[in-house]
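J.: Sequence:
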Amino acid sequence: MQEIPKPITSLTWDNAALISMKVAKKLNIKNGQMLEISVGDNTINIPAFITPGQNQKSITLELGYGRKFNGRIGNEVGFNVYPLRSSDSPSFILNGSIKVLNETYPLASTQDHHGLEDDKYAAPGFDDLANKEAQSRIPELVKQSTFDYYKDNPDWVQKKVEQHKPDKNRSWADHSMYNPDWDYSKGPQWGMSIDLTSCTSCNACSIACQSENNIPVVGKQQVMNGREMHWIRIDNYFAGDPDNPEVSTQSVACVHCELAPCESVCPVAATTHSSDGVNQMTYNRCLGTRYCANNCPYKVRKFNFYNYTKDLPEVVQMAMNPDVSIRFRGVMEKCTYCYQRISSARITAENEGREIKDGDFQVACQQSCPADAIKFGDINDPNSEVSKAKRRNRDYALLAHLGTAPRTTYLAKIRNQNPMLVSKSQNGSYQ
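Residues in the sequence shown are numbered from 195 upward in steps of one, following our numbering.
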């Protein structure tokens, strides 16, 4: 739980004082800069973290950190903010003051691991170029609309997707640079649909995936190096005014491309396609060239830089899922669509003399999602929940113009905004 990125901030391993962009500019505060926060006679020191949407007249502090006990994980992690809390007002405190200290503290946030928005590396005159490009691509990645616009234009998502196809009568393979001759018309073919309207970015899918698939904890320093191992990440996108932004989130794991660019570059065929359409990894064949990670446009493959599990206490090892192999250093890993659950359900169905049917099993992320935003099953079965979701007019593929034909697709986000809170001029602005 310490390593799961927090919603909005994507912070791991620490808590911080969340401050607004305006306050940060006014006081010349950078991320990780230590603040002295005082309320009456009580004072704490804690690093700052600039957060879009944070009210400029308030600071958000997270409780539960900075504890001292004989534990393997939580001992002295983060900063204790309980000295500021009172029994009279346990949820908020008035009349606090802050003082900017001349020291910094390293914070591990996963939000910018695949971005170029850090302007300290930019050439003169191009400091905001990456930021502007990222803003311009949000509508391509997270397709979204207001409810009013959707009612008037119910097929707007499909119109957007069709722009990337040279001819709507041609298949994915006809215009893809990755063109194996796969027949996906027979047998169960597995796929997933994620409803962005329902998703709350709570990270339940990510932690469930970690527990189910024995994903290792790498520690704060390795997270700072960009080496976190989670198979599912939650991408946050902020648009508009930094102090009152439009926030969009997207859960991203391996999308199991039918025409997977990772497979064509692996020199030892460690990543291959199964007959039921799953992009699979053979761990004991992997050499760790990382060509597949370089060729993956979704950046969802993880590399074991170290043997993260060798020092695990025996009691922790006993909690591992025996149906999933433990990966060693030097190999790639990624989402498998919980293939161990698929195999178990298939064996059970065969023993009972029947075909596997929708609802026989759930993948870990689907099972844990409190908003029921994830559907998984046989896309060849017209009556399966996932097939019904993929037939909806909001269905689209992430980075569809690349022609990889991903098995995981998304339902576009619909915002049903209160007309009293948003001006009419903003309706349909996502288009």
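To be clear, the hints were calculated from the coordinates, so they are not data collected in a lab.
No experiment lies behind these values; they were computed from the predicted model shown.
Careful, some of the hints might be misleading.
Calculated cross-link-like contacts (lysine-lysine; reagent style DSBU-like; alpha-carbon spacing at most 35 Å) [claimed, not checked]:
no., residue 1, residue 2
1, K353, K251
2, K251, K293
3, K582, K224
4, K220, K251
5, K353, K224
6, K607, K353
7, K220, K414
8, K251, K607
9, K504, K200
10, K607, K380
11, K293, K200
12, K251, K219
13, K414, K380
14, K493, K607
15, K414, K224
16, K262, K607
17, K551, K380
18, K200, K224
19, K345, K504
Distance windows between CB atoms, simulated [unchecked claim]:
no., residue 1, residue 2, range
20, P201, T466, 31 to 37 Å
21, T298, K380, 54 to 60 Å
22, F286, P201, 16 to 22 Å
23, G381, K493, 26 to 32 Å
24, F263, K493, 36 to 42 Å
Every residue gets a Cβ at the ideal spot worked out from N, C-alpha and C, and that includes glycine.
J.: None of the hints should be skipped; say for each whether it holds.
T.: Outcome of the hint check:
no.	hint	in the structure
1	K353 with K251	43 Å, violated
2	K251 with K293	15 Å, holds
3	K582 with K224	47 Å, violated
4	K220 with K251	12 Å, holds
5	K353 with K224	42 Å, violated
6	K607 with K353	16 Å, holds
7	K220 with K414	30 Å, holds
8	K251 with K607	31 Å, holds
9	K504 with K200	27 Å, holds
10	K607 with K380	32 Å, holds
11	K293 with K200	26 Å, holds
12	K251 with K219	14 Å, holds
13	K414 with K380	46 Å, violated
14	K493 with K607	22 Å, holds
15	K414 with K224	20 Å, holds
16	K262 with K607	43 Å, violated
17	K551 with K380	15 Å, holds
18	K200 with K224	19 Å, holds
19	K345 with K504	55 Å, violated
20	P201 with T466: 31 to 37 Å	35 Å, holds
21	T298 with K380: 54 to 60 Å	59 Å, holds
22	F286 with P201: 16 to 22 Å	20 Å, holds
23	G381 with K493: 26 to 32 Å	30 Å, holds
24	F263 with K493: 36 to 42 Å	37 Å, holds
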